[in-house]
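> Take a look at the letters that make up each chain.
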Amino acid sequence: MAYLRLISQRLVMTVLTLWGLATLVFIMIKLIPGDEAQVAAGPGANPEQVASVAKRLGLDLPVLQQYLNFLLRMLRGDLGTSVVSSKPVLTELAAVLPSTIELMIFASIIGTLIAFPMALVAASYRGKAFDGIARIVAVTGGAMPAFWLALMLQFFFGNVWRITPISGQHSFGIASPNVTGMPTLDALLAGDIPAFLDALAYLILPAFVFAIPFAAQVFRLLRASLLGVLASDMMLPVRAKGASTSRMVLRHALPNSLLPTVSLMGVLVGGMVGGAILVETVFARRGVGSFLANSVALKDTYAVLGAVMFVGIAVCLVNLVADIITLMLDPRIRGTQFGAGAK
Amino acid sequence: MGVDTILTDGIIPAPVRRRPEALLQVEQLSIDIATRDANVRLVDNVSFGIGRGERVALVGESGSGKSVTAQALMRLNSRVKLSGRVNFDGKDLLSLSPSQMAAMRGQRMGMVFQDPMSSLDPLMTIGDQVAETLRIRGISKRNARQRALDVLDELKVERAAERLDSFPHEFSGGMRQRVVLAMALVGEPDLLIADEPTTALDVRVQERVLDLLDEISRRRSLAVLLITHDMGIVAGFADRVMVMYSGRIVEENEATLLFAEPQHPYTRGLLEAVPRADVTVDRLRSIPGAPPVPAARPSGCTFHPRCDRAMAICSSVEPGEAITPSGARVRCHLYGAG
Ligand SMILES: Nc1ncnc2c1ncn2[C@@H]1O[C@H](COP(=O)(O)OP(=O)(O)OP(=O)(O)O)[C@@H](O)[C@H]1O
Ligand code: SF4
Ligand SMILES: [Mg+2]
Chain A
169 MAYLRLISQR LVMTVLTLWG LATLVFIMIK LIPGDEAQVA AGPGANPEQV
219 ASVAKRLGLD LPVLQQYLNF LLRMLRGDLG TSVVSSKPVL TELAAVLPST
269 IELMIFASII GTLIAFPMAL VAASYRGKAF DGIARIVAVT GGAMPAFWLA
319 LMLQFFFGNV WRITPISGQH SFGIASPNVT GMPTLDALLA GDIPAFLDAL
369 AYLILPAFVF AIPFAAQVFR LLRASLLGVL ASDMMLPVRA KGASTSRMVL
419 RHALPNSLLP TVSLMGVLVG GMVGGAILVE TVFARRGVGS FLANSVALKD
469 TYAVLGAVMF VGIAVCLVNL VADIITLMLD PRIRGTQFGA GAK
Chain C
29 MGVDTILTDG IIPAPVRRRP EALLQVEQLS IDIATRDANV RLVDNVSFGI
79 GRGERVALVG ESGSGKSVTA QALMRLNSRV KLSGRVNFDG KDLLSLSPSQ
129 MAAMRGQRMG MVFQDPMSSL DPLMTIGDQV AETLRIRGIS KRNARQRALD
179 VLDELKVERA AERLDSFPHE FSGGMRQRVV LAMALVGEPD LLIADEPTTA
229 LDVRVQERVL DLLDEISRRR SLAVLLITHD MGIVAGFADR VMVMYSGRIV
279 EENEATLLFA EPQHPYTRGL LEAVPRADVT VDRLRSIPGA PPVPAARPSG
329 CTFHPRCDRA MAICSSVEPG EAITPSGARV RCHLYGAG
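So the sequences go chain by chain: A and C. Positions 169 to 511 (this note's numbering) are the ones given, in order, by the first sequence. Positions 29 to 366 (this note's numbering) are the ones given, in order, by the second sequence.
Because the hints were derived from the structure by calculation, they are not lab data. It cannot be assumed that every hint is accurate.
[Unchecked claim] In silico SDA-like cross-links for lysine to any residue, where the CA-CA straight-line distance does not exceed 20 Å: (1) K296/A with A350/C; (2) K109/C with R80/C; (3) K109/C with I501/A.
[Said to hold, decoys possible] Facing chain C, according to a computed beta carbon distance under 7 Å, are these residues of chain A, among others: (4) E216; (5) V218; (6) I361; (7) P405; (8) R407; (9) A408; (10) K409; (11) G410; (12) A411; (13) S414; (14) P423; (15) N424; (16) P499; (17) R500.
Quick reminder that beta carbons are idealized off the backbone N, C-alpha and C, glycines included.
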């Protein structure tokens, strides 16, 4: 039962965080200089339009009432209306979200595939050449600023060696029918392998901009915690059983290191949502990040605040999922419900 | 240096009672560790044997080198440098390759450690941890599980079948120590090294675990090296006792003889500090002072600053090994090799 209690604690925390975020967004709306109805209706709106928006948003009501109405709108998923497109912000975000998710998933997979084997080998051969090189690579990879990394990747892979496209999501004319909003998945669903490879080629550079710092951090934490477990009292009996180094690392050190590592990965994936602003803009990709950047450029206040709210929700949910996975990995927390014969 | 060499090396008599069925024969084992500025000798030239099915106790104060010696027998600590010979059933363990050595562990020799709380993997079920010793040898999952169950039954873990799938945190300290013992015994080793297996447990649980160990070692004719600083638990268990002080074995004898006629002043000190076999008090109260650290051992007999019978020679010349009429192998000038 400890497990359920901890999960509900996390849920309560998430709800409180989102409430705080919504309040912050509400305050920001109030702090924007100028007439709020005018802002919401857009710079080109005529007085009638402004008046109707003011009525719809209830701007004549007392502030507390407005605040409660705002929270209720948030609960209903109403993030406001884009001034530029006159569409609900949520609809616009929903259209671009899959593309961001595709990028994040792909980046996390690449980062994990780099970090885990590296950390496992480095910890198994601590202090040997591979360990030393891997650590230097990780420090270097972790220290590169995202914008610089993005430009370098574009320059070398796109311009100099011409291995990958520089920006965009697919080549002209080979887009598959939009089903999921993720170009790679859509191509697969359409059974169009060339289109899939094409979309993958466009995905790879932006994914690496996320994957490299992700891998560097995951590598460092995983290596350190593997070594910590290997040096702990727990390992002497395992060694005394006749276990090989690889068994000690894979069967004992790895599961025990997974808990902190998954937590970190949750935080890092959450951070990617924010990083999407830069990466999607630099690589001219559809997504939550470029939507946010565009809205800022167009002074589309409600779209910006709606997207901020949305990103906050996304980060909270990613962290929540990571927390729940972490809890499920630990039998001490998971509790007695799955273990047989517990007293 | 010259005198020293003559006294230590020249006078070592033929080893006592080297049993025909010797299982383990340790010869001039030294253990060094490289620290930042120097090479420190943790254990210096110890020699001893353990026969098949024999129960030997290794006693001494904290820091005397018991654990380091025990782990050296299985080459568990890769940070120390070992020299000398460790013959186990005719094989010199120190010259085995790492994988050959790993093949000895768990199968021919098992080990249990001091703290049962931290000796188990919190994320693996009890059944899997016991069976692991066998799984490493490629025994099928089903067979390994069955044998794990048998050993847990042998160790009187109640409702063992139901508890195979529980995790360590669901067990009490005494039960965990049985699980740890089961991990060491399931491979049916010839030698069990038990490094203070009961120190972390309360007295009643201690006794039960030792009784079990006693029973199993008789039934399986399993040789046991029991490490402890508790003279009280040695008396009822061991056939033979070795007393370690500052990285050397200073006295060794049959348990009954050692308790009846302790020879070395250090052994006497240890025994005088045990008022009753069943009462745990600060056993070392009667020996003044503290043992030296390995990096700064006194010259001559390392015990001389604390010895109430020290003579002039003791502070300058290291005593060699001698055999007393009671059969003790002892390193002390009182039993001059002459
Ligand atoms: N890794 C190490 N580095 C430096 N010194 C060490 C190391 N391991 C052990 N020692 C030293 O070796 C000596 C012997 O240690 P050991 O653990 O064998 O003692 P012990 O007799 O088992 O004591 P206890 O009864 O406390 O377990 C101690 O002085 C200890 O400080
Ligand atoms: S050699 Fe001397 S100092 Fe050492 S124990 Fe014997 S009498 Fe004491
Ligand atoms: Mg010890």
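> Are the hints correct? Go through all of them and say.
Results of checking the hints against the structure:
Between K296/A and A350/C the alpha-carbon distance is near 47 Å, which puts this suggested pair outside the 20 Å criterion. Annotation: proposed proximity of K109/C to R80/C is violated, straight-line Cα distance about 27 Å (limit 20 Å). A distance of roughly 41 Å separates the Cα atoms of K109/C and I501/A; the hinted pair therefore is violated under the 20 Å criterion. A distance limit of 7 Å between C-beta atoms decides the matter here; for E216/A the minimum to chain C is near 66 Å, and the interface restraint is violated.
At a threshold of 7 Å, the smallest CB-CB gap from V218/A to chain C is about 62 Å, leaving the interface hint violated. Violation of the interface hint for I361/A is found here, the shortest Cβ-Cβ separation to chain C being roughly 41 Å, above the 7 Å cut-off. The beta carbon of P405/A comes within 5 Å of a beta carbon in chain C, closer than 7 Å, and the hint placing it at the interface holds. Interface hint status for R407/A: upheld, as the beta-carbon distance to the closest one in chain C is roughly 5 Å, under 7 Å.
The beta carbon of A408/A is positioned within 7 Å of a beta carbon in chain C (closest approach about 4 Å), and the interface hint is therefore held. Interface hint status for K409/A: upheld, as the beta-carbon distance to the closest one in chain C is roughly 4 Å, under 7 Å. This hint holds: G410/A has a C-beta 4 Å from the nearest C-beta of chain C, less than the 7 Å allowed. A cut of 7 Å between beta carbons decides the hint on A411/A: the least distance to chain C is about 6 Å, and the hint holds.
Look at S414/A: its Cβ only gets to about 11 Å from chain C, farther than 7 Å, so that hint breaks. Against a cut-off of 7 Å between C-beta atoms, the interface hint on P423/A holds, since the closest Cβ of chain C lies about 5 Å away. The interface hint given for N424/A holds, since its Cβ lies 6 Å from the closest Cβ of chain C, which is under the 7 Å cut-off. The interface hint given for P499/A holds, since its Cβ lies 4 Å from the closest Cβ of chain C, which is under the 7 Å cut-off.
Because the smallest distance between the Cβ of R500/A and any Cβ of chain C comes to about 5 Å, under 7 Å, the interface hint for this residue holds.
Violation of the numbered hints given earlier is confined to hints 1, 2, 3, 4, 5, 6 and 13; the remaining hints are satisfied by the structure.
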